[in-house]
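Chains A and B are the protein sequences, given in the same order. Number 202 marks the last residue of the first sequence (the numbering used here); no jumps. Number 1150 marks the last residue of the second sequence (the numbering used here); no jumps.
No wet-lab data here; the hints were simulated from the structure. Hints should not be assumed to be uniformly reliable.
[Claimed, not checked] Straight-line Cα separation of at most 25 Å, SDA-like style, residue types lysine to any residue; simulated pairs:
(1) A:Lys64 / B:Glu1064
(2) A:Lys39 / B:Ala1052
(3) A:Lys64 / B:Thr1101
(4) A:Lys64 / B:Ile1074
(5) A:Lys165 / B:Leu1018
(6) A:Lys39 / B:Val1108
(7) A:Lys64 / B:Gln1069
(8) A:Lys145 / B:Ile1074
(9) A:Lys39 / B:Ala1041
(10) A:Lys145 / B:Ala1041
(11) A:Lys98 / A:Ala168
(12) A:Lys22 / B:Leu1095
(13) B:Lys1004 / A:Gln194
(14) B:Lys1004 / A:Ser191
(15) A:Lys39 / B:Ile1074
(16) A:Lys165 / B:Arg1022
(17) A:Lys145 / B:Pro1055
(18) A:Lys22 / B:Arg1073
(19) A:Lys165 / B:Ala1079
(20) A:Lys64 / B:Ala1056
(21) B:Lys1004 / B:Arg1037
(22) A:Lys169 / B:Gly1047
(23) A:Lys64 / B:Ala1086
(24) A:Lys169 / B:Glu1017
(25) A:Lys22 / B:Arg1037
(26) A:Lys39 / B:Trp1067
(27) A:Lys22 / B:Glu1064
(28) A:Lys165 / B:Ala1024
(29) A:Lys64 / B:Ser1068
(30) A:Lys39 / B:Arg1073
(31) A:Lys137 / B:Phe1137
(32) A:Lys22 / B:Gln1084
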Amino acid sequence: MAGSLKPDLAAETDEALVSLAKGGDMEAFEELVHRHRDKIYARAMIMMRNEVEALDLSQEAWVKAWQRLHQFQGDSTFATWATRIVINLCLDQIRRQKRTRAESIEQMEEETGGVERHMPVVEANPTEGLESEDVRKRIDEALGKLTEAHRTVVVLHEFEGLEYKEIAKRVGISIGTVMSRLFYARRRLASLLQNLRKERSE
Amino acid sequence: MNNKEWTLDLQAYVDGELEPSRRAEVERVLAGDVEARDLVAALRALGEVVRAHEPAERVPETREFYWSQVQRRIRLAEAADARQAAGASRAAGWLRWLVPTLGVAAVVVVVSLNRRATGPVVEVASAGMDDAVGMTFRSDTDGITVHWLR
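The shape of chain A in the complex, shown without the other chains (with noise of 0.2 Å):
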């Protein structure tokens, strides 16, 4: 890349984009945006379950990322970077949301000694034999039908990879509610990935 010659974007890998962006280059940082803005806004609509908040989230996040980026260091990918602004800003979000409305008598229940109530249903393979999209699509509608505290919980740690401790630290619980909620949210999308095969046996 040299002179005056605007480098081919598209061509370029993250790392160069990043190095570009953090000099200034907005054109760099938006073909980041480009490259990334699905996964972010997916990872916002899982948390949220609202077009509109994902939306509005995933947008920040990126603002966030173009005023903090001289602190991306290259310690994880780009990617994983943006998406734990995202992650981030979605619990700011939904703790403000949850200082106006109670928590569920359900979610106080399974908080409180669901486990041993509620003990395996889980089974080995449960979604054997069903094509890849219909399980993807299968798994978004079973994760919008926990709570969004359960639902938290298995997002930090199937998909962000978060460490117990590290999801009681970013959510404000204990690492034993984190395991609790994690459990129940594990067995509740067993059962309904069962329900799934029991519909196309019959």
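Since the structure of chain A is provided, determine the placement of chain B on it from the hints.
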């Protein structure tokens, strides 16, 4: 260990969150517990399925429109930052003048108060005669004068 703790320990085992010593203990129990082994297998299978089928969504807007919105927000945020920085700079300018001015004012007030307190507030004078002694006490603050003769 109760049923709940054991169940959550099995889950932590699957998630690789157990301490090595506890992990060894769980593995020893698992060897002779079919139900626990089934749960471990089910949790593993579910985790694999979920991770492999992360729900995907596409932004329901064109590249240009989405970016124009992001760009507008960036500019608004930058303008807000600039206003904040300008405000902070103005406040710093005021402080540069205000602090020494307040300092000087405080010194003037203290000196003035001290003067009033030690100056005309109390005045005592005495005079001696052959057969009597006189003493005068005057306080401007209280507006009184007392002559004492003995």
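Against the structure, the hints:
1. A:Lys64 / B:Glu1064: holds (19 Å)
2. A:Lys39 / B:Ala1052: At roughly 15 Å apart (the allowed maximum being 25 Å), Ala1052 (chain B) and Lys39 (chain A) satisfy the hint.
3. A:Lys64 / B:Thr1101: violated (41 Å)
4. A:Lys64 / B:Ile1074: holds (8 Å)
5. A:Lys165 / B:Leu1018: Answer holds: Lys165 (chain A) to Leu1018 (chain B) is near 12 Å, not above 25 Å.
6. A:Lys39 / B:Val1108: Since the Cα atoms of Lys39 (chain A) and Val1108 (chain B) sit roughly 66 Å apart, the hinted pair is violated (cutoff 25 Å).
7. A:Lys64 / B:Gln1069: Status holds; Cα separation ~14 Å.
8. A:Lys145 / B:Ile1074: violated (35 Å)
9. A:Lys39 / B:Ala1041: Status violated; Cα separation ~30 Å.
10. A:Lys145 / B:Ala1041: holds (24 Å)
11. A:Lys98 / A:Ala168: holds (17 Å)
12. A:Lys22 / B:Leu1095: Violated, at about 34 Å.
13. B:Lys1004 / A:Gln194: holds (23 Å)
14. B:Lys1004 / A:Ser191: Answer holds: Lys1004 (chain B) to Ser191 (chain A) is near 19 Å, not above 25 Å.
15. A:Lys39 / B:Ile1074: Given that 25 Å is the threshold and the Cα spacing comes to 20 Å, the pair holds.
16. A:Lys165 / B:Arg1022: Measuring from Cα to Cα gives roughly 17 Å; hence the hint holds.
17. A:Lys145 / B:Pro1055: Holds, at roughly 14 Å.
18. A:Lys22 / B:Arg1073: Given that 25 Å is the threshold and the Cα spacing comes to 18 Å, the pair holds.
19. A:Lys165 / B:Ala1079: Violated: Lys165 (chain A) and Ala1079 (chain B) sit about 38 Å apart, past 25 Å.
20. A:Lys64 / B:Ala1056: Judged against 25 Å, a Cα distance of about 23 Å means the pair holds.
21. B:Lys1004 / B:Arg1037: holds (16 Å)
22. A:Lys169 / B:Gly1047: The given pair, whose Cα atoms are some 22 Å apart, holds under the 25 Å limit.
23. A:Lys64 / B:Ala1086: holds (21 Å)
24. A:Lys169 / B:Glu1017: holds (16 Å)
25. A:Lys22 / B:Arg1037: violated (51 Å)
26. A:Lys39 / B:Trp1067: The given pair, whose Cα atoms are some 15 Å apart, holds under the 25 Å limit.
27. A:Lys22 / B:Glu1064: Given that 25 Å is the threshold and the Cα spacing comes to 22 Å, the pair holds.
28. A:Lys165 / B:Ala1024: holds (21 Å)
29. A:Lys64 / B:Ser1068: holds (16 Å)
30. A:Lys39 / B:Arg1073: holds (20 Å)
31. A:Lys137 / B:Phe1137: It is violated: about 100 Å lies between the C-alpha atoms, which goes past 25 Å.
32. A:Lys22 / B:Gln1084: Status holds; Cα separation ~22 Å.
Of the numbered hints listed earlier, those contradicted by the structure are 3, 6, 8, 9, 12, 19, 25, 31.
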